[in-house]
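Protein chains in written order, with this note's numbering: chain A, 1 to 261; chain B, 1 to 261; chain C, 1 to 261; chain D, 1 to 261.
Do not rely on the hints blindly, as some may be mistaken.
Derived lysine-lysine pairs resembling DSS-like cross-links, with alpha carbons at most 27 Å apart [unchecked claim]:
#, chain 1, residue 1, chain 2, residue 2
1, C, LYS232, A, LYS232
2, A, LYS232, B, LYS134
3, A, LYS232, A, LYS134
4, C, LYS134, C, LYS232
5, C, LYS232, B, LYS232
6, D, LYS134, D, LYS232
7, A, LYS232, B, LYS232
8, D, LYS134, C, LYS232
9, B, LYS232, D, LYS232
10, B, LYS134, B, LYS232
11, D, LYS232, C, LYS232
12, D, LYS232, A, LYS134
13, D, LYS232, A, LYS232
14, B, LYS232, C, LYS134
These aren't lab readings, by the way, just hints derived from the structure by calculation.
These are the residues of each chain, in order.
There are 4 protein chains.
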Amino acid sequence: MTLKAKLNEIIFGYSTPAGRAFDIVLIIAIVLSVMAVMLDSVAGFHLRFKETLSLLEWGFTALFTLEYLARFYCTQERRRYALSFYGLVDLLSILPSYLALLLPGANTLLIVRVLRVLRIFRILKLMEYSDASKRLISALVQSAPKIFVFFASLLGTITVFGALMYLIEGPEHGFTSIPRSMYWAVVTMTTVGYGDISPQTPLGQAVASVVMLLGYSVIAVPTGILTNEMAKQRYSRACPACGQSGHEPDARFCSQCGAKL
Amino acid sequence: MTLKAKLNEIIFGYSTPAGRAFDIVLIIAIVLSVMAVMLDSVAGFHLRFKETLSLLEWGFTALFTLEYLARFYCTQERRRYALSFYGLVDLLSILPSYLALLLPGANTLLIVRVLRVLRIFRILKLMEYSDASKRLISALVQSAPKIFVFFASLLGTITVFGALMYLIEGPEHGFTSIPRSMYWAVVTMTTVGYGDISPQTPLGQAVASVVMLLGYSVIAVPTGILTNEMAKQRYSRACPACGQSGHEPDARFCSQCGAKL
Amino acid sequence: MTLKAKLNEIIFGYSTPAGRAFDIVLIIAIVLSVMAVMLDSVAGFHLRFKETLSLLEWGFTALFTLEYLARFYCTQERRRYALSFYGLVDLLSILPSYLALLLPGANTLLIVRVLRVLRIFRILKLMEYSDASKRLISALVQSAPKIFVFFASLLGTITVFGALMYLIEGPEHGFTSIPRSMYWAVVTMTTVGYGDISPQTPLGQAVASVVMLLGYSVIAVPTGILTNEMAKQRYSRACPACGQSGHEPDARFCSQCGAKL
Amino acid sequence: MTLKAKLNEIIFGYSTPAGRAFDIVLIIAIVLSVMAVMLDSVAGFHLRFKETLSLLEWGFTALFTLEYLARFYCTQERRRYALSFYGLVDLLSILPSYLALLLPGANTLLIVRVLRVLRIFRILKLMEYSDASKRLISALVQSAPKIFVFFASLLGTITVFGALMYLIEGPEHGFTSIPRSMYWAVVTMTTVGYGDISPQTPLGQAVASVVMLLGYSVIAVPTGILTNEMAKQRYSRACPACGQSGHEPDARFCSQCGAKL
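Construct the complete structure from the given sequences, taking the supplied hints into account.
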């Protein structure tokens, strides 16, 4: 096995011990680098640990540059990797540091490094949770059409109620424009309720009550959709002998005729 | 085929390519016109792009007037269309512009045009999502009696707790009247929680805690109702003898007439 | 049939047209009387329509006194009615008006009349929704032990997190006592979030985030309990011939052996 | 039976009447002691009932010290008890009172006594609700992998949106650092919505709307997971041959070994 193939197995694979160790080390490095970016955004930390944080930033940049080059070197589909979501995130999370040498201040873009945190999903494969996550995603995909209908209705409702409240309450009570009223409608229907904009007139409060009760009960719709899609998934294998469907994923014999599955 | 029939097929139908294209173009026009109304409500936009927005308004009014006349011309049930919900919305969304010629300022009523956004549901038919939406609506209709009971109980609870909090907290803590206290009860039970009115006395906070826990757990009721109604729908095998639907997937005899399935 | 028996059928029954008419008229009267009490609590209405509202109050008091006397006269179990929940509410909703003749101001107690609104549940019987409501209540009763466990856990969690936040944030950030901190914990766990008390320190915000995520996901527990209890209810009749259970309430033949149910 | 064994049965067991009585008395004592700590944290009570509360504190400390010594005396696994969660809580809830004799003010640590409230779960065994709670816990454990995936995704989403809003809104609108922005993201996604930090710019409000709608609909995921896990538990027929449980009510053969059920 060539060095390239070996490196490929370590970096992209996760079946060998070395491949798993690499993934774990990488995720720890990503989490640490993201925490460094986070702490740097806190004014107190930025002032006191400016140099340490700068050093850490360059350390992580060096590490991730090496990783990027190694990935680029060992993969057989360089173009595909470079243009993939993770490939772009990998690149964008090292560029700001280099850019800052030319343009002072460009390292505020370092915040993009936060996106690397999404590689944490990789850890699911290591923990053999990918089956659970695959099923979850499959259930979400299967229920997509119904959820699309739900969101289309939600958007229509939000637009209509937003415009209505703009008419009722008007700019003097914080509903300064229809888009802002729609923002209020989203805040209210989702039961978030910041209270930065809230109806003042009795009529506005009555309409707002309708919006709240709607949002409160309408949450049942996506829950019902997803729960049933998940239930459907449980019954998905058919018996080759009698055609009985609905066997659990770990069943080895048909529960109706006893035939091997 | 006469022009009238052809026009009818294009405007009201969606089985021909022309009919589908018409629907798509119409929905785009509606969305754009609604966005124009929205932007016009933003003070900054209104001042800077007054003329462009006015032009757009007249453009859309002309377009929708033409569409309205065409619909009126080609349908065989003119009275039914004119008095239908969509027919009235279609009319109301063009009238304000003409009214503004006589009564300056009447075009603030143009906001009614927002209701045309509901035609977006039409797009569901084009995307063949109408099956998903039909099932969703059928499940909602089927669970209507239970949901009515739920809402009646909710309304009773809101009235009683609203009156109770009016007594406990009183006008000096923002609970100025029973209707306003009921508004607070809705805001709290639906877990929206603006914070514009909130209990100040220990007793009021204790009662509010009960209202919150009630609202928090009671959300399980509509969710449970709808989830089960949807589950019932999944098992919709019909009996070949009597047509009774809703048999479980493992049923071998019809539960209504005893015929073999 | 004596007058007493006839009156009893009209007032307490709902199988005859007269009985139904009585219930409908009574509910309308209750709703109107409650609305009068509500409007009277609004300062503006109280000042302008003082006399009309006072007249209305006496009208409803006279009507409900008559109804109370009639109920007391025609029932065979006077003591049981007088001491029942509805009997007490009926009495308490007329007493304040008479008390106000002796003690000026006692008619603020008239607010008790709001409780009469609970008679609205009576209307469910008229609308033949009592089956839906009976099932709903039965499902709630069946899931009571699990829901008790859920609430006991919730209460424990609220106490512990309330005490913790009292230690972390302290009186200077609004967490003036443990009971008040527990009120904050309820407001946060139920996702109401008034914002009247909110954590200011980074550590407090971190703990609050845990409380929020807990409250956000823990709502799944009562929903899961009730949904399954409702599902169980659907499968409740067993076949007398083959013992197969799980027949729909309207099934007439066993779906497994075709026997009559 | 020795005194030690008898004491053990009373204190640790709950099958004898004496054992049950002990548990009930203990729980009442715990609840009362916790209420004393709570009331002591209220400034008004602390000033007026200082001495009574201090007396109560010493009374409960004496009682719990006795209980601790008795537990320690009669158990056969002293080390295991002393290091168990409940053992540590039992110790920590008496120490502060004694410490306060040396270090004045140490009895603010008495708040740890609140943790003893968790012994309330013990009462569930007495009320024979432990079956309901065991099933609930088992369903939660079974759905742990899926819920882990859900929380990992949630955490990633919160980090990314927190960083995004920090860039969009910036310190001048309250988003002073990434950790604080993440706190906002938690407050918003869980639909708590305090309103202490809320977006001011149109772009920020648009992104916030996405976060809200995400949080609003994503609640369906844990609900769906748990509801289905509970549904699976309902079908828990075990195979007589291999012991595999979880067969559907209509299964006739074991899905693992093919034996007749």
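To see whether the hints hold, each was checked on the structure:
no.	hint	in the structure
1	LYS232(C) x LYS232(A)	17 Å, holds
2	LYS232(A) x LYS134(B)	19 Å, holds
3	LYS232(A) x LYS134(A)	15 Å, holds
4	LYS134(C) x LYS232(C)	15 Å, holds
5	LYS232(C) x LYS232(B)	12 Å, holds
6	LYS134(D) x LYS232(D)	15 Å, holds
7	LYS232(A) x LYS232(B)	12 Å, holds
8	LYS134(D) x LYS232(C)	19 Å, holds
9	LYS232(B) x LYS232(D)	17 Å, holds
10	LYS134(B) x LYS232(B)	15 Å, holds
11	LYS232(D) x LYS232(C)	12 Å, holds
12	LYS232(D) x LYS134(A)	19 Å, holds
13	LYS232(D) x LYS232(A)	12 Å, holds
14	LYS232(B) x LYS134(C)	19 Å, holds
Taken one by one, the earlier hints all hold for this structure without exception.
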